[in-house]
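Listed below, chain by chain, are the residues.
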Amino acid sequence: MSTSPPPFSGPPRDTARLELSGITKRYPSVVANDGIHLKVAPGEIHAVLGENGAGKSTLMKIIYGAVQADAGQIQWNGREVVIANPAEARRLGIGMVFQHFSLFETLTVVENIALALDEPFDLKGLAERVSEVSQRYGLPLDPQRLVHSLSVGERQRVEIVRCLLQAPQLLILDEPTSVLTPPAVQKLFETLRRLSSEGVSILYISHKLHEIQSLCHSATVMRGGKVTGTATPSQETPASLARMMIGRELPVCAVPAFAGEATPVLSVRGLSHTPDDPFGTALKDIALEVRRGEILGIAGISGNGQAELLAALSGETTGPASTVSLAGTPVGHLDAGRRRKQGLAFVPEERLGRGAVPPMSLADNATLSAHGQGLVKHGLLRPKAAWAFAKTCIERFDVRCGGPGAAARSLSGGNLQKFIVGREIMQKPIAMVVAQPTWGVDVGAAAFLRQTLIDLSREGVAILVISEELEELFEICDRIAVLAEGRLSDAVPKAQTNAEKIGMQMSGLFADAHATDREPDHAAA
Amino acid sequence: MLEHLIPVLAGTLAAATPLIFAGLGELVAERTGVINLGVEGMMLIGAVAGFAAAAHSGSGALAGLPAGAIGGAMAALIFAVLSLSMAANQAACGLALTIFGIGLSAFIGQHYVSYSLPGLPPLDIPGLSEIPVLGPVLFHQDAVTYLGLLSFAGVWWVLKRTRLGLILKAVGEAPDAAHAIGYPVIAIRYAATLFGGAMAGIGGAYLSTVYTPLWVQNMVAGRGWIAVALVVFAAWNPTRLLLGAWLFGGVTILQFHAQGLGIALPVQLLAALPYLATVVVLVLISRDKRLLQLNLPASLGKPWMP
Amino acid sequence: MPLLEARPTPSTSMRLLAPLIAIGLTLAVGSLLFLSLGKSPVEAFGVFFIQPLSSGNGWSELMVKAGPLILIAQGLAIGFRARIYNIGAEGQLIMGALAGGGVAIAFDGVDAWWVLPLMVIAGAIGGALWGAIPALLRTRFNAQETLTTLMLAYVATFALSYMVNGPWRDPEGMNFPQSILFGDPALFTPWFEGMRVNASLLIAAFASLAFWFFTSRSFLAYQLTVGGLAPAAARYAGFSADRTVWLSLVLSGLTAGLAGVGEVAGPVGQLNLNISPGYGFAAIIVAYLGRLNAIGIVLAGLLMALLYLGGEAAQVALQLPAAITGLFQGMLLFFLLGADVFVDYRLKPRPKPAYA
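Protein chains in written order, with our numbering: chain A, 1 to 525; chain B, 526 to 831; chain C, 832 to 1187.
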């Protein structure tokens, strides 16, 4: 990933493709964009860099016409334009690949594409063009397949091909690599460089510094809704870009060694499960073991069995008793409440609606999972105890909110995650399962959460972390395994592996064991 | 036996007609993610609007059906404002619409109690109605029954063959994605909901101006709810809906022909059969979670705002 | 452009104000309706809301109607909290009445103190069992309870019709579809001479207290609420979804069954086809109007009972159709749902003029 971008002979290739000046967008509680200026030349790959909540996504939605700015101008090829809606943007030649895909699961690839094109309805002719374009750009796709049967990487191809069919002059990609394995990232970059050489401008939204350095010609850095600088990424270091992005040094976690005895706490043996959900992934013969004092990381792209594995671990789905055991006791048949009583804590990926009830207060949300901590007696609620519990949690874990009476949905993602993690830790678990610990969380809260998990493990708790962020796993975990297509690789000590090897496994190319019965599949590519 | 069966089969088609209209309308609305439990209320409002128009204009069903469609659509509009523009709970709004419809239709309808209309004569399709057995069953029906079958064909064609059908499905599947690529989700849902209301209204007006052209309070008698159940039974597929409507038409008509067919059961049990059959059919279809999940519009019943 | 935006925290004051706003709007539209019918709104509302309460008997009738409404709504509210929609309480009421009435008919002529308690128990069981069927169908076969409860309500009316036309028809009733008149041991004794209010009201009062305690203090009710607000959070916490369904439907069936016995052993005094003027459906509105809160439901039940009485009075004094009660009920629920939106949302302020 160290190849630097080819030289770029812009911008003075006549007028800018896109020029924003003074773009401002206010929401009731926040100014998402505050006087943004941005300029992209034809054929330029331009990064928009910033952490979660910096206002990148809002800015892109304004360019794509999905959101209207309160103030400011947009110049397109030297002409001032008003982009009233996405159809208008597409007519101008702007295409967008969304972070959370705008695809329809139960429709076919070609039907999905037809929906976004403003042209006569002819599925047959379109299917041929889809095949042709997808081959030309090295993005193989079967137009007749249903989207729900595609891997995440293939879905992204559908989005890209959908844009390419409209011969765009500007392509916007919003965090495109968050769902891709490292080899797939490289393939995507090849496609993007090719488009750039054909004169297509690209706006590349990301918070991943090394990707921007290897791909982009120039960068605009945003923080708190404002532009904090522009840069040529190849002439910067990750540290200098990070400083521009978060306004200070990137926090680093302290990872001490564990002094105690590393006995196994949470173990899974021979876990296979086919979910009821027809869009789900079946788990195939999963085995793992998490010991006292360690963090075991599970890498992989969501949709490869992550949700099913989490449900099987938490007890939301149950199976044979022997498949999951906790400190030697079989618990595979127990539901979530009973496993919690045995000392298993769980932090789900979906904070609002799963980890917390959105309209309920934090005090009431404490009762959700911590009712065993004296918050319920003889079947009756003890509101004062719940209030006190929530208050302690808020203070101990630095949750910024309006107090125990604040509704869960009024908290920012990072603060709600701190509350949920804190609530679970305060139940003194012997093992804890955490899904996507820092998803959508700002850098400060993410660092706090990571350090909290490390410290907890060093107190002797066995922790399992499932995350899409490889860098995060390498920072906090002791051992790492990969979940791909419902199979789990053996966990390897962090020092014995690297991002490249993990990336290969994420593509489903297990070096060992069950490689034999694998179809030459499109999964996770 | 055959001479008993022909009127049963012919009656089945007519009895299925209100279910076909109301069911198709609800099916289209649900495809876009809107579950409207107010079908019973919309049918009642359509029935009373249709009856009033037919009675005052003197032109019978010709005035009754359009008036029923308008009445049903107006009722659906109240539901749409609350549940779509204001994102109120769809299940509760549908219930409210049914309660309101029962009250409103009774209120207006009491002017027409024991007032009767001429109804519609059967329309023979030239040539075809001469065919033995099939002729009298299929081609000796009132015009609205044919219209119901045409509506089925139209809805089937739009859903399966056109871009509009694709858009309706897309909105019900993932409103966020549809919005992101530029479709006016709320407007599309409004249109589908109003279509559902108009179709339910036609179904109701058919009951009051053609099927039993006499005003009786609460005359829809649960058919709106059966239509909602039929949509689930059909797994959101119009062809299955048509078959389901015929099945229920047959069960409904049975009580009137039981004697001729030599069935000796208490009349109340026969009258309860359509409702019992609905429960049985719901149980049978709902057991197959996979089938339902594969076809269920993913956003069904979930409030959505841009 | 949407006009509404989500509030960060639900508004408590709006939750309490919403029913008042809904009542106000219903009265306003009602006034227009009366005007269009050529009646003076002031006079009409006098007939509707004042006249019924101007006599002791009026208050007695208010209690007679409020009792079953409150009782059923208390049960329904439990399920509605969990978003389990039992809309067939009318059927459970009928089955309760049939079970209780069956006891009365079986022990006709037996002069013993236990006949009435036995009827009450039978009614509770009858209603609970009729509610248990949809619970079984939902938990075992995943069939939507909304539709099954309602379909079973229709079935219940036919069952009642069959019984009073067949096995239980009064042999001396001139072929009317009705049972024998129950004897005194099978009837609640009226409290006051010439009035119908009786001890069955105590059942509603006791149930209200019990439900108030249950919903405000118990962990079980908390679990139901979580199941309604965020089903995934309930699964995460390990709260049983099946238990929620069973509890909701059996409890609401039970209270509806009790209400059914209260009718046949009280004001009706026999089994016939008119044992309920739609209490099972009106109780849905009572539950929502009372904010699914036990105390609120008592107030809402009284209001709804008054609406019934007012409808009857308007029929006599103003020659208005009785159906006007149903119309008011529907409007009230619509306005309530509309006002309720503002618990979680507020109007979006107009965008400030853009500066360029």
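Watch out, some of these pointers could steer you wrong.
[Said to hold, decoys possible] Mimicking PhoX-like on lysine-lysine, the simulated pairs with C-alpha atoms at most 25 Å apart in a straight line are:
1) Lys284/A to Lys685/B
2) Lys827/B to Lys1179/C
3) Lys39/A to Lys226/A
4) Lys226/A to Lys208/A
5) Lys685/B to Lys124/A
[Claimed, not checked] Quick partial rundown of chain C residues pointing at chain B, CB under 7 Å, derived from the structure:
6) Ser842
7) Tyr916
8) Val941
9) Trp944
10) Trp945
11) Thr970
12) Asn973
13) Val986
14) Phe989
15) Phe1044
16) Ala1154
17) Leu1158
18) Gln1160
19) Leu1168
20) Gly1169
[Unchecked claim] Beyond 12 Å from chain A on every Cβ pair, some chain C residues (computed):
21) Glu836
22) Ala837
23) Gln1054
Hints are computed from structural coordinates only; laboratory data are not their basis.
In this text, all values refer to a predicted model and were calculated from it rather than measured experimentally.
Glycine included, C-beta positions come from ideal geometry on N, C-alpha and C.
* Asked: If you check each hint against the structure, which ones fail?
  -> Result: hints 1, 6, 8, 9, 10, 11, 15, 21, 22, 23 break, sorted rising.
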